[in-house]
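Chain A is already provided as a structure; the job is to place chain B on it using the hints.
Chains A and B are the protein sequences, given in the same order. Note that UniProt numbering has the first sequence beginning at 1, numbered continuously upward. Note that UniProt numbering has the second sequence beginning at 1, numbered continuously upward.
Source of the hints: derived by calculation from the structure; they are not laboratory data.
DSS-like mimics (lysine-lysine), calculated; alpha carbons at most 25 Å apart, straight line: (1) B/Lys55 to A/Lys513; (2) B/Lys55 to A/Lys193; (3) A/Lys395 to B/Lys520; (4) B/Lys468 to A/Lys395; (5) A/Lys166 to B/Lys134; (6) B/Lys166 to A/Lys55; (7) B/Lys533 to B/Lys157; (8) B/Lys533 to A/Lys520; (9) A/Lys533 to B/Lys55; (10) A/Lys291 to B/Lys520; (11) B/Lys291 to A/Lys513; (12) A/Lys533 to B/Lys520; (13) A/Lys55 to B/Lys533; (14) B/Lys520 to A/Lys520; (15) B/Lys395 to A/Lys520; (16) B/Lys468 to B/Lys520; (17) B/Lys291 to B/Lys395; (18) A/Lys55 to B/Lys193; (19) B/Lys520 to B/Lys533; (20) A/Lys291 to B/Lys513; (21) B/Lys166 to A/Lys134; (22) B/Lys468 to B/Lys335; (23) B/Lys520 to A/Lys55; (24) B/Lys446 to B/Lys335.
Bear in mind that the values here come from a model prediction, so they are computed numbers and not experimental data.
Number of protein chains: 2
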Amino acid sequence: MRIALCQINNTVGDLAGNSALIQRFARQAAEAGAELAVFPELALTGYPPRDLVEKPSFLERTAEALTELVDATRHLPLGLIVGYVGRAPAGSARRATNSAALIEGGRVLFRQTKMLLPTYDVFDEWRNFQPAEKQEIVEFRGTRIALTICEDAWNDKQFWERPLYKNDPVEALVRQGAQIVISINGSPYDTAKRAVRRQMFSAMALRYGLPHVYVNMVGGNDQLVFDGSSFAMDSAGAVISSLKSFEEDMVLFESEGCTGELHDTHPSETSAVYDALVLGTRDYLRKCGFKGVLLGLSGGIDSTLVACVAADAVGKENVVGVGMPGPYSSDHSVKDARDLAENLGIRFEMAPITSAYDEVLRSLDPIFQGARRDVTEENVQARLRGLTLMALSNKWGALVLTTGNKSEIAVGYCTLYGDMCGGLAVISDVPKTMVYELCREVNRRKGPVIPESVFTKPPSAELRPDQKDSDSLPEYDVLDRILKAYVEELKPPALIASEQNVPMELVRDIVNKVDRNEYKRQQAAPGLRVTSKAFGIGRRFPIAQRFFE
Amino acid sequence: MRIALCQINNTVGDLAGNSALIQRFARQAAEAGAELAVFPELALTGYPPRDLVEKPSFLERTAEALTELVDATRHLPLGLIVGYVGRAPAGSARRATNSAALIEGGRVLFRQTKMLLPTYDVFDEWRNFQPAEKQEIVEFRGTRIALTICEDAWNDKQFWERPLYKNDPVEALVRQGAQIVISINGSPYDTAKRAVRRQMFSAMALRYGLPHVYVNMVGGNDQLVFDGSSFAMDSAGAVISSLKSFEEDMVLFESEGCTGELHDTHPSETSAVYDALVLGTRDYLRKCGFKGVLLGLSGGIDSTLVACVAADAVGKENVVGVGMPGPYSSDHSVKDARDLAENLGIRFEMAPITSAYDEVLRSLDPIFQGARRDVTEENVQARLRGLTLMALSNKWGALVLTTGNKSEIAVGYCTLYGDMCGGLAVISDVPKTMVYELCREVNRRKGPVIPESVFTKPPSAELRPDQKDSDSLPEYDVLDRILKAYVEELKPPALIASEQNVPMELVRDIVNKVDRNEYKRQQAAPGLRVTSKAFGIGRRFPIAQRFFE
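Chain A extracted, bound-state conformation (with noise of 0.2 Å):
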């Protein structure tokens, strides 16, 4: 059979518009000469679509959408499978399913629903969805598909040391007599994500000795960038198709030759978070109806890196970077910051905020009485630029963009509704360490657009005279290995301080610092997730708690 891999980028709850989406894209498959179109999990939905699957009007909309979408390509030549929220059984605790249909003729033939429902780090399935207690294959042209949803095929048990559920929905379809296996997948980007999808696969393939197609979703969605990368394999595990990463896509797989067409993925890893960021904030932009944004240059890494993400999300016309030098700013941080929007070809505006600090300061005088200086004044400062981007944000209708990275995030060096405020975190989760990595591969792929500076000075926030991060933070490389054994790993301190070599109280201070910032997070913008634990919605820490390692 020929089967059309459909890697689409669609939008949660925008029934009318996923409709479309899967249409076009159909009617391309079937144009190639497929017989078979297989998108993604909720492509008609979204994904995921949280707690909007527990409004009854979601659930009543979802079902017209698939009627009509089932009308809509009555006299296409091909089936569809389509991923879409269905309505639990009566009697069911939950109202919705996670579920599939095979469409074809203006019928659905076939319905699947998900069984394995994952409720772990970003995910909440179990709190939204009723699963299936059983799950059946299907015969279409000839062809015995086992048909699984995302986590269904992800529990192998020769695979996993410790599966996380007892049933393994593909074990029991390939019994029944599967031909090959279909895997319609949400499944958001990180870094070791790729690798292990085409692990678990090849291995499945290979044991069962069947076809594997496997179809994800592309798109951000908040903090969940999917990447795409779909494929199909033979029988032997071989990839014999693949989708490129961070793009829609279309490819086809012929599953009795096993015959297909290998699209480009990416050369490294550090290219591949880049892609990531640049899809998350373009799509989060998107679906969200903004077209501009802006952010504060302050000449640093960090806010380089994330003009260098919007400029290739929006295009350079729909960014703007704002210097907002303070009291404490030095002449080439300035210098820089417009030396990075003249090279990228953005517009750049100056707004200082010395005046308004100063300001703020005589009218606070009265009742500070004289107090010594400490973090309030620095803090003063951050906040100063936050509400004046806020300002630009409000005049504008343009998003504002965060620029901490996570190690800041992790340690709280960063200011709650100062250099905290905006619409979207870009760089929150990733390490400073990283921030280096990609601004070096800006320059390998658009020239040096970021001046040799940025790179070299010490990293500060010029927040007081003659500051720099390394005050009260160690270098960035031993913080972002301690924070990733740490905050990644769960691992405890005295493990990480003999694994890394590292003085047990510098750890302690470290994670007592990550601890201690758990309510400065809570408040923070959604930031894009792309390690294997992001703060935000998969990392869920009380505030008011008193275990301290």
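Just chain B now, with coordinates in the frame of chain A:
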């Protein structure tokens, strides 16, 4: 058997502190002649620990703390039932369990693990815990006890129209020959909860013909306020022992003769909401390590209520109200604020924002280039107030309380990084109409501390000349009814319009405002939950989405 219901207020993660608290209550129970002291769900670790249980070090130190508690209570002449986080059996998908231990004479006699794991609204237990596969009764001093943990006793199939789970653990344990049902709980307050609990347990007690003991925790943990309100019932479902709401308490229950003691509960639910806010505020501050608070006092009804709650929560000497008049503030507002502060006996400071506002606008002039005034300038005022409060917070080490009510936050009638600045949103789950009721309650309790003009003047943000809330919103009683139907009851707009006899366009306008302001709420301070559906962790909607009613 003489049972002590021990309603304690523990702190998440404070293993040593919680253990000491348990020991203190156990000694008191022993002195009162109890044979068994029953503590709430996760008494040793606090509830909800959330992702803390993903840390191996948390499980290790909890196991040590339980061992120490067993040892420390070995000479007491009674048994203890204590909730704790256990380690899941080897090979389980999840690391932790939600368990309870029966302790006596230096030994753990019995362990029960929770079977039904709530995963809806504010609960995420399926994310964090491995459920029990089976449960057993335990005999203690001649009495066969059905020991159940919270949700395990909340799936009564006769009481609920749509039970959430297939199993009914209570029924299964009663069938094993239990003579008494003991339920330990971490059940957060909302306005309906106290009545529902008693109704359900009464129905169960009557049907099974067994006495039921219900022990709930008390205290605030982040967004949740646990009200306590524990009780014991005889086998006819009559309340024999009852404990206070919103306070630590201990009461005895004699299970044979079914005798006990009734402690007072609240005369009205309005009064209960007020005490919930006081307790939630007090505990958030205490458990986060703050002593003092400050808040903007505008003379409006919202900040008035928050000031009253704060004074009751941490004492008037630890509250500072700040008047921050701007260009459009009325004289009577400042007077009302000052009068309130005087009546409450809290410190009042003035920090006018007008000069800083003028300076900010002057510095933005070159970029704005004479653009028409709009919401930008209103937000600058709100943000300068936020900046002022945060500066005082930094300088004094006091926490800022935000003063936005649920109605405003629902429709986005609030400024991100402006009046939304703060560590705790005290009344963010209190609809505006309930704000008025609670202020009346304050004056009933304290005498006329709130000036009558606060009740009678039309609500206004005073951000432009002659602004009134009613310029852009319907009357608050209409608004609140629409919001309750939409946010708490998830009703579709057409149904709301017909049920409440309001124009469909108005309903649609309101619910679209709710949907479009999701981005603001995701950066809001944690807010205390008092209704059945609060914004915050219990309501999870995507931001970048296009499903509109």
